[in-house]
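S.K.: For reference, the chains in residue letters:
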Amino acid sequence: MLEMKNIKKSFGKVEVLRGVDLEVRAGEVHALLGENGAGKSTLMKVLCGIISASAGTIRIDGEECAFANYDAAIAAGVGIVFQEFSLIPYLSAVENMFLARELRNRFGLLDRRAMRKRAQEILQQLDVDVPLNAPVSRLSVAEQQFVEIAKALSLDARILVLDEPTATLTPTEVERLFKVIRELRRKGVAIVFISHHLEEIFQICDRITVLRDGDYIGTCDVADVNNDTLVEMMVGRRIEQSFPPKLEILAETDIVLDVEAVQLKRGGPVSSFALRRGEIIGFAGLVGSGRSETAMALLGAFPGATCRMKLEGKDVKFTEPADALAAGIGLLPESRKEQGLITSFSILRNISINNYGKYRKNHWFIDLKKELACTQKAMRQVSVKATGPNDRLDTLSGGNQQKVVVARWINHDMKILIFDEPTRGIDVGAKAEIYQLMRELTKQGCSIIMISSELPEVLGMSDRVCVFRGGGIVATVEGEDITSEKIMTHATTGRQDHAA
Amino acid sequence: MPHDTTLNSPEKARKSGGLNIAQVLHSPLVLPLAGLIVVSILMGLASENFFSVSNIMNVLRQVSINGILAVGMTFVILTGGIDLSVGAVMALSGTICAGLVVNMGLPGAVGLAGGMLVGVVFGLFNGALVAWGRMPAIIVTLATMGVARGLGLIYSGGYPISGLPPWMSWFGIGRIGIVPVPVILMFVIYVIAWVLLQRTPFGRHVYSIGGNETAARLSGVKTQWIKLAIYTISGLTSALAAVILTGRLMSGQPNAGVGFELDAIAAVVLGGTAIAGGRGLIFGTLIGAVLLGILNNGLNLMGINPYLQDVIKGFIILLAIYIGREWR
Ligand SMILES: Nc1ncnc2c1ncn2[C@@H]1O[C@H](COP(=O)(O)OP(=O)(O)OP(=O)(O)O)[C@@H](O)[C@H]1O
Ligand SMILES: [Mg+2]
Chain B
1 MLEMKNIKKS
11 FGKVEVLRGV
21 DLEVRAGEVH
31 ALLGENGAGK
41 STLMKVLCGI
51 ISASAGTIRI
61 DGEECAFANY
71 DAAIAAGVGI
81 VFQEFSLIPY
91 LSAVENMFLA
101 RELRNRFGLL
111 DRRAMRKRAQ
121 EILQQLDVDV
131 PLNAPVSRLS
141 VAEQQFVEIA
151 KALSLDARIL
161 VLDEPTATLT
171 PTEVERLFKV
181 IRELRRKGVA
191 IVFISHHLEE
201 IFQICDRITV
211 LRDGDYIGTC
221 DVADVNNDTL
231 VEMMVGRRIE
241 QSFPPKLEIL
251 AETDIVLDVE
261 AVQLKRGGPV
271 SSFALRRGEI
281 IGFAGLVGSG
291 RSETAMALLG
301 AFPGATCRMK
311 LEGKDVKFTE
321 PADALAAGIG
331 LLPESRKEQG
341 LITSFSILRN
351 ISINNYGKYR
361 KNHWFIDLKK
371 ELACTQKAMR
381 QVSVKATGPN
391 DRLDTLSGGN
401 QQKVVVARWI
411 NHDMKILIFD
421 EPTRGIDVGA
431 KAEIYQLMRE
441 LTKQGCSIIM
451 ISSELPEVLG
461 MSDRVCVFRG
471 GGIVATVEGE
481 DITSEKIMTH
491 ATTGRQDHAA
Chain A
1001 MPHDTTLNSP
1011 EKARKSGGLN
1021 IAQVLHSPLV
1031 LPLAGLIVVS
1041 ILMGLASENF
1051 FSVSNIMNVL
1061 RQVSINGILA
1071 VGMTFVILTG
1081 GIDLSVGAVM
1091 ALSGTICAGL
1101 VVNMGLPGAV
1111 GLAGGMLVGV
1121 VFGLFNGALV
1131 AWGRMPAIIV
1141 TLATMGVARG
1151 LGLIYSGGYP
1161 ISGLPPWMSW
1171 FGIGRIGIVP
1181 VPVILMFVIY
1191 VIAWVLLQRT
1201 PFGRHVYSIG
1211 GNETAARLSG
1221 VKTQWIKLAI
1231 YTISGLTSAL
1241 AAVILTGRLM
1251 SGQPNAGVGF
1261 ELDAIAAVVL
1271 GGTAIAGGRG
1281 LIFGTLIGAV
1291 LLGILNNGLN
1301 LMGINPYLQD
1311 VIKGFIILLA
1321 IYIGREWR
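Chains as they are written, first to last, in the working numbering: chain B, 1 to 500; chain A, 1001 to 1328.
Hints are not guaranteed to be accurate.
Unchecked claim - In silico contact screen, one side only, chain A against chain B (beta carbon under 7 angstroms); selected entries: (1) 1034; (2) 1047; (3) 1049; (4) 1149; (5) 1200; (6) 1208; (7) 1212; (8) 1215; (9) 1312; (10) 1313; (11) 1314.
Hints are computed from structural coordinates only; laboratory data are not their basis. Every residue gets a Cβ at the ideal spot worked out from N, C-alpha and C, and that includes glycine.
All chains, please: the whole structure from these sequences, using the hints.
M.R.: Rendered as structure tokens:
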């Protein structure tokens, strides 16, 4: 159905696609795999007419086509779920879904009822409950992800591209999305699926195309590969995907942060937990269960929340993240584009933003040499792929942008780091390095709160896990009890005791 | 080694950190500078007087007030804000300064300090309302523009206050060698501003607020304090401009500076600073201010009808911004 041949693309002198082929059949889910910066998103943008290729041909149903823009691609039946969302923050979910494709009534006015109805239908298919009228900027990242997916589904495309749609979804929601994908496959839609979660590939995909550094490596059936061969195709070598060993946290280790009560809104559930020195606490739960909001509330960055806590035995209250930073608590926010990065700035400026304490000269000034050196070190530690520290963030691939947000925090002497989806969109190899870094940090006495939708990550990294449901912590599990079954039952029903 | 594609080796970085042609061409200063050169050449062709040392000094002297106001405006616009009160605050500051000296018989230095204080107070007020009051800068400063203008008129009864000690004219028309004092003052302020913006964490934080305020705040930038500081800087530069104005006119003029905020904004934007914030260079603003000054001067030398001059300037600004649009 879709055939892309010998696609080439360069940005300036950098060649990011060097003759890539992709062939997708009707009624198949085709995985597009590769490390961060391999060129997956770029290839898909070429397909959708968002950027133009330097060379190569695209055929749909045997007919050659080159779209001048995304609108033309949509008209030809191509839809895409963007890795970096394409939502307008101040518009509602419905308005976003039908942006520039508004339904009209007899009088040529907006048919708001019809749009709402259609939006509801689509979201119902996905089995999610997303507020339809609130501006999307108020929605959580996962909810935004669903709006972005729904937006693409509303196009009724024959060829649908999903660029890392599952990066922030929890297993339950991923399953719902897969149900819809299977349904589309049955209807004969050709689907391109991009993800760094290999287990998902085996669950849903039929065939696989692998890119490495802009080169076409090959295409094969899912049945013919296993996890290891796949990784080898992607990375060019074997990787022991494993979590660094957990540290022994003794019960008498002193408590760094004692959260006595945190409440997201008046009348909501009140949660409490304590974080020991050198410990990693995982926050697990479904989308909308209040994990990120709780993290923000600790820093005083969630309006309407109340929080009572002790930092190293002293009562503290923050009204601004800057206060928290001064006290030794840092946040890596959930949404890199909106909350984490300044995408029009260079890598250097983005990493430096809260690191100036380390490279002062005469107290007032920046030591530019040291700044450059520190930045390069941090970039190496998380292996950012870029031409140099002065590259603008918006020329980096999604995963590499995420690494920059991580890099900002790794050389701080923080007491506590709150990592919200730290590995969102990061490939298998780099992920292992980040896990290693996190363990290093805890060895140096830093404590970490890790919010993650990826269950294996929660299981592999957390010394304890707080499970969230309905805006508060419903259970805390540790040691042997950290299993996916236990966490999922707490997260969904909370009636584990009865079920067991 | 994992990720052998990671290209951040030292040589690479030195290359991208040092100067190379591509980077120079992409500097936001290129376009304003090109504009400045083109306009200067045109003016030079049109009037042979244009390139004389005395005329150049004259242009720079005329530019100095707007140039100084535009420094504060650059800080504000870099954070994505705007300050419409600069012209009115300048007038009030000059009026109070003259009032303290003439009406109350205080020494000139006290008058100058009083003028500065007016600027700082208005800046703090603007900044506090924008930062903690979470009000839009354009509305806040529109209101304080009215307040400052009104206070000046009330205090002076609408008349200029003259009778300042003669030494104060040094700030307006004095010279060191052949260079007018206000020009030197302006350059000093630009250098300080450049150091602040490019060499201190404060400057980086200013940019980051304009780039993405949420991200800046969540990474620990004290966004509210920074905003307070930049509006205060703008108030302060208004007061410094008032010193030159007062020295030149040898009086406090409550009606001075009407519309100066627009010239300051024009200088900032012509200098390549993004009106949405986050991007721009202070020396771009200087170029923008000089460019505007040359236009004024040249059109005058050519003897063009003043009303027509405004029309021409307006279109030149539009043209400049149109060209600059796709550049970055
Ligand atoms: N506008 C641009 N200018 C210069 N380089 C770019 C630009 N856009 C992308 N690149 C480069 O192209 C390469 C491929 O990027 P792409 O976004 O396609 O990667 P990806 O495979 O989607 O990675 P990820 O898994 O991290 O999302 C990267 O090295 C990136 O730096
Ligand atoms: Mg991508």
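S.K.: Give a verdict on every hint.
M.R.: Against the structure, the hints:
At its closest, the beta carbon of residue 1034 (chain A) sits 22 angstroms from a beta carbon of chain B; the interface hint therefore is violated under the 7 angstroms criterion. For residue 1047 (chain A), the shortest C-beta to C-beta distance to chain B is roughly 41 angstroms, which exceeds 7 angstroms, and the interface hint is violated. Hint status for residue 1049 (chain A): violated, given a least beta-carbon distance of 43 angstroms to chain B, over 7 angstroms. The interface hint given for residue 1149 (chain A) is broken, as the beta carbon of that residue sits about 34 angstroms from the closest beta carbon of chain B, more than 7 angstroms.
Among the interface hints, the one on residue 1200 (chain A) holds; its C-beta lies about 6 angstroms from the nearest C-beta in chain B, closer than the 7 angstroms criterion. Hint on residue 1208 (chain A) holds. Least Cβ distance to chain B is approximately 6 angstroms, under the 7 angstroms limit. Interface hint status for residue 1212 (chain A): upheld, as the beta-carbon distance to the closest one in chain B is roughly 4 angstroms, under 7 angstroms. Among the interface hints, the one on residue 1215 (chain A) holds; its C-beta lies about 6 angstroms from the nearest C-beta in chain B, closer than the 7 angstroms criterion.
At about 33 angstroms, the closest approach between the beta carbon of residue 1312 (chain A) and any beta carbon in chain B exceeds 7 angstroms, and the interface hint on this residue is violated. A hinted interface residue such as residue 1313 (chain A) counts as satisfied when its beta carbon comes closer than 7 angstroms to some beta carbon of chain B; here the least separation is about 30 angstroms, so the hint is violated. The interface hint given for residue 1314 (chain A) is broken, as the beta carbon of that residue sits about 29 angstroms from the closest beta carbon of chain B, more than 7 angstroms.
Hint compliance for this structure: hints 1, 2, 3, 4, 9, 10 and 11 are not met, and every other hint is.
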